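Peer 1: Residue strings, one per chain:
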Amino acid sequence: MAEVTLKGVSKSFGADTALDNVTMTIPDGSFVVLLGPTGAGKTTTLRLVSGLDTQDSGCISIGARDMMGLTPAQRDVAMVFQQYSLYPHLTVRQNLEFPLKSPILKTPDDEIARKVGEIAEVLQISHKLDNKATMLSGGEMQRVSIGRALVRNPSVYLMDEPLSSLDAKLRADLRIELKSIQSDRGATLLYVTHDQIEAMTMATHVGVLDKGRVVQFGTPRQIYEDPVSIYAASRLGQPRINVLPAAVFGGAPTTAQSIGLRPEQIVQGEGEESLVQRVEHLGDQTRLHLSFKSHDIVTVTDAHTNLKSGDIIRIRPKNPFYFDATGARLA
Amino acid sequence: MSFSVTEPSKRTKWLAGILVVGYALITISPLIWIIATGFKSGPDSIAYPPKMIFEPSLEGYVNLFTERTRATQDMLETAGPPKTWYDQIARDQGTVITGPSRYGARFLNSIIIGFGSTALCMLLGTAAAYAFSRFRVPLKDDLLFFILSTRMMPPIAVAIPIFLMFRNLGLNDTHLGMILLYTAVNLSLSVWLLKGFIDEIPIEYEEAALIDGYTRFQAFYKVVLPQAATGIASTAIFCLIFAWNEYAFAVLLTSGTAQTAPPFIPTIIGVGGKDWPAVAAGASIFLVPVMVFTILLRKHLLRGITFGAVRK
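Residue numbers (this note's numbering), protein chains in the order written: chain A, 1 to 331; chain B, 1001 to 1312.
Treat the hints as calculated values from the structure; they're not laboratory data.
All values reported here derive from a predicted model rather than from experimental measurement.
Take the hints with a grain of salt, since some may be wrong.
Label-pair distances were calculated between CB atoms; the ranges are [to be verified]:
1) 1238/B <-> 13/A: 51 to 59 Å
2) 16/A <-> 1173/B: 36 to 44 Å
3) 70/A <-> 1165/B: 43 to 51 Å
4) 309/A <-> 1203/B: 49 to 57 Å
5) 1176/B <-> 54/A: 39 to 47 Å
6) 70/A <-> 1203/B: 57 to 65 Å
7) 1006/B <-> 184/A: 23 to 31 Å
8) 1203/B <-> 184/A: 28 to 36 Å
9) 197/A <-> 1299/B: 32 to 40 Å
We treat Cβ as the ideally placed atom computed from N, Cα and C, and that holds for glycine.
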């Protein structure tokens, strides 16, 4: 395992800038999740680290070794693709053996059998080992695809939304499994996702990307509790942070343009009146859709609340975030 | 009555069945005619009205593989009684066998040239198609069009320059010359067909193999090639059929050592007129290798082994 660093990395595809001067350090043994909407440059970052694409400028190194000009095989990385690209002409077992049999690793047969057996066990695909890869369901294919990366012990694992095509139960299982494999092995993992639960539960660090730039890099708690901008604050938190004009509540700093309120930053039962529009019982929590001076606010309340639509509830902000006109956080 | 949008009605199925059977009859009847004629006797083969039912005879096959001369009384006396069954068949026609014919050698030429050019064509075609499909080749579209333009004129249009070229290079009437020529003609077809097949193989497989520790060539060999097998097999059949049946170039450029079967078969002359049973026998045997090759590769012609492994 090794530390991965990106220094001033840029990449364009024609007129589109995919990455713009990205500098980031993925510490040895960390689980780094890249967050951002489609087109933010998450997948491009993975492809540049893997060596499938080459950056236009800047420097990428893995374990202090400069990667410029090295092929993916020489970089010693394992990758799980968003599309589960299993080799269709091979069986599940052959797919899992494939990286171990590469001319670079040339693993002895008994060790291949042991590793493949182990991984199949973890991913619950032991009974499918001798099936053709094309005879699997989507979820099974994706598990094999993850397995093909995990049979190896590379410098860094790269994963591009590996759980996105799985059903909720399996996704929850694999989240725990991936996290424990990573911490057991002390593996370095660079992980792309849209799913904030994956980010919050697995990541040691989160990198927030916006239009090819890293806008914030830190622990999930840092990003959640101390976001640098509206954009970064919106990446994490369910329901999303409420952003309103700063003036709707009193006491805002003069330079503030907007106020950001997460559910726990809204005190209920005190302050000014708001109208309950809708009550959503989700089981473990209840969401309130409020109308406050013609602005919509979504917050969370007691799971067994008696509030119903049309009720009036008083709210007041507590330690809110203030943002300036550009969306940047005011200290 | 139940009605389904996707399931054809009974009447439609019958109509489709009749059309298919009718088409099959049309395509197969010349084949049956040739094979039947090969087993007819000389007079039966030219009988009018044509004989549908006849006494089978191996005369055509014996005549195909032997050289014979009209037997005089002296010859018959010195030769003694016929030693083998084919001697007997020759005697029955009033001839004696003087030696083997050249059909075997011509047939072997066809095999060497047909399969040789097909193999070479697949080798070069797959490599070129992969390059066109995966790499940024300058002027790619123009090059592809240029390659195809070699097929836009009939062989006769280029026959004279090729003849002169071959004469100067000493390639006239050689196996190498014919293999090169058929490869050149077939290459455009194979590059185009194979490029289509390789385009359909998602590049993700190769990327996965590159990450898994393989070089580009190993990825091509281990991942692309097995998936392109279907396309390569069907392209090989097309190439072989062309090279096997080609007549115009073969007539112009070969006369002896490298002559293939197609220009040879029509020159089989019997005693006192065209020997139709022998011609038909030659054509029947000539059909066999392509038929065997096609049947062997038929499994690969059924597409579908790569479907469903990549989520689109």
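Peer 1: Quick check: which numbered hints come out false for this structure?
Peer 2: Going through the list in order, the structure violates hints 1, 2, 6, 7, 9 and respects the others.
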